[in-house]
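Student: Chains as they are written, first to last, in this note's numbering: chain A, 2 to 126; chain B, 2 to 126; chain C, 84 to 180; chain D, 84 to 180.
Just so you know, the hints here were simulated from the structure itself, not pulled from any lab data. One thing to keep in mind: the hints can contain errors.
[To be verified] For the chain D half of the interface with chain A, some residues (derived, Cβ under 10 Å), not all of them:
{"#": "1", "residue": "S126"}
{"#": "2", "residue": "S142"}
{"#": "3", "residue": "V155"}
{"#": "4", "residue": "D165"}
Backbone N, C-alpha and C define an ideal beta-carbon position, used for all residues, glycine too.
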Amino acid sequence: MSPERFHLNLPPRAEHLGTARTFAASIARHYEVAGETVEDVKLAISEACVDALVAGTPIDVRARQDGDVVWFEVDAPETDDSPERDALDALGSPARIELIASLFPGAEIVTGDGRRAVRFSLPLG
Amino acid sequence: MSPERFHLNLPPRAEHLGTARTFAASIARHYEVAGETVEDVKLAISEACVDALVAGTPIDVRARQDGDVVWFEVDAPETDDSPERDALDALGSPARIELIASLFPGAEIVTGDGRRAVRFSLPLG
Amino acid sequence: MLDVVGEVDLSTAPTLRDRIEQLIADGTRRLVVSLEDVGFMDSSGLSALLAGYRRMQESDGALSLVCRDRAVLRVFTVTGLDRVFAIHPTVEEATPS
Amino acid sequence: MLDVVGEVDLSTAPTLRDRIEQLIADGTRRLVVSLEDVGFMDSSGLSALLAGYRRMQESDGALSLVCRDRAVLRVFTVTGLDRVFAIHPTVEEATPS
Ligand SMILES: Nc1ncnc2c1ncn2[C@@H]1O[C@H](COP(=O)(O)OP(=O)(O)O)[C@@H](O)[C@H]1O
Ligand SMILES: Nc1ncnc2c1ncn2[C@@H]1O[C@H](COP(=O)(O)OP(=O)(O)O)[C@@H](O)[C@H]1O
């Protein structure tokens with residue numbers, strides 16, 4: 002069986018964060034991870050989407066099963082400490098990556114294809 | 002403001018239908034349509050995804066706001082009355098389109114770009 | 084009585100169909116299927132119920148439904164199958180003493 | 084007491100922040116924020132609460148929280164802010180008579 006792939010693309014509006022969390026939660030549940038881990042995935046996704054909201058580019062969440070992990074990748078354009086960010090009153094990007102890495106060790110920023118993204122892996126089983 | 006676009010792509014497994022419905026429901030709620038209409042969108046999407054499941058191609062749902070409607074487009078590869086379909090014991094494709102058109106008049110099959118899709122429009126306001 | 088719980092779509096309709104088949108195979112002739120705890124149902128659920136309905140008719144039995152929720156009833160009304168099934172708003176009305 | 088309901092993320096945290104600001108502006112000096120009806124909260128909710136916490140400290144007041152849900156507590160524990168806020172499992176414990 003080919004590895005499973007999931008993709009979600011939404012307009013950059015904060016009110017769509019719930020949809021992104023629901024999407025990620027259904028993937029996590031699909032792989033039958035513990036309920037607490039599903040909650041952690043929702044939190045990680047909610048944090049990871051903020052850079053796209055600040056940049057005004059679509060919320061884009063991809064997931065791909067690869068052996069005994071699921072890779073999540075969330076578009077995260079580089080943003081400076083802009084007035085937009087301050088107005089949103091969110092943590093800065095580095096602090097958010099750190100938060101995600103506390104939930105999913107190894108979480109990092111990856112670049113390539115002209116894309117910058119937050120990547121983390123969800124261990125299965 | 003540019004028209005809003007939404008896209009969901011999932012592996013062709015029946016257990017992901019709920020995710021597709023949730024995705025479509027959040028779009029409908031985003032545009033503040035009536036609760037009953039949200040339920041109709043869920044039903045239409047659930048029906049529209051069946052062809053992809055029968056064909057074994059990804060569940061793919063796109064939505065795009067265009068003036069006072071939201072267009073939904075769901076990949077629906079041509080399937081014959083295959084044993085797969087019979088095993089699934091679902092309505093045939095024409096009966097499902099008819100069902101969707103009872104909910105959203107004008108629903109139809111569109112083709113192009115090597116794609117076949119169910120398309121229907123959700124009136125806003 | 085068969086109490087269906089959750090969402091009925093292509094992923095769960097086969098189970099519903101099997102349950103009904105089993106009850107008929109076990110000799111049930113008057114079956115009330117409660118959809119009160121169903122949050123969503125599409126045409127695959129309808130197909131499963133219709134298959135059970137027909138099997139019952141062939142066996143001189145009867146299959147009736149309990150459903151009040153407008154969203155769940157919707158798939159019956161748009162297909163006209165609300166005129167085929169006996170659909171009751173409560174379990175009491177579906178099981179006259 | 085401020086009873087927060089629903090999901091707190093970037094779309095709703097500004098409202099939470101404004102509510103707290105308003106209560107402080109109205110003279111509230113001992114504020115209990117209940118997160119009992121919150122199903123989800125991320126760091127934007129944390130920022131809103133932290134802003135309120137600081138404003139309270141500056142005004143010699145106090146802001147405490149009511150929260151038991153592990154999922155909602157999670158964002159506090161991973162950031163270490165569970166050691167900054169006074170977090171109580173019930174409203175009773177947050178408001179000693
Ligand atoms: N979790 C992931 N980690 C790394 N790369 C991913 C992940 N998910 C998808 N990708 C990559 O992202 C790109 C787009 O993904 P794809 O599945 O083709 O989405 P779509 O067809 O919906 O645009 C591909 O290059 C794919 O390899
Ligand atoms: N509701 C819709 N009706 C018609 N075409 C659509 C609709 N939504 C998207 N499309 C078209 O589908 C294609 C892919 O959509 P796009 O928004 O680019 O998705 P993605 O970038 O996620 O692949 C585009 O050609 C777009 O115009």
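Student: Does each hint fit the structure? Answer for all of them.
Tutor: Structure-based check of all given hints:
1. S126: Holds - the Cβ of S126 (chain D) comes within 10 Å of chain A, reaching about 5 Å at its closest.
2. S142: Violated, about 20 Å.
3. V155: Constraint on V155 (chain D) satisfied, holds at 9 Å.
4. D165: violated, 13 Å
The structure shown violates the earlier hints numbered 2, 4.
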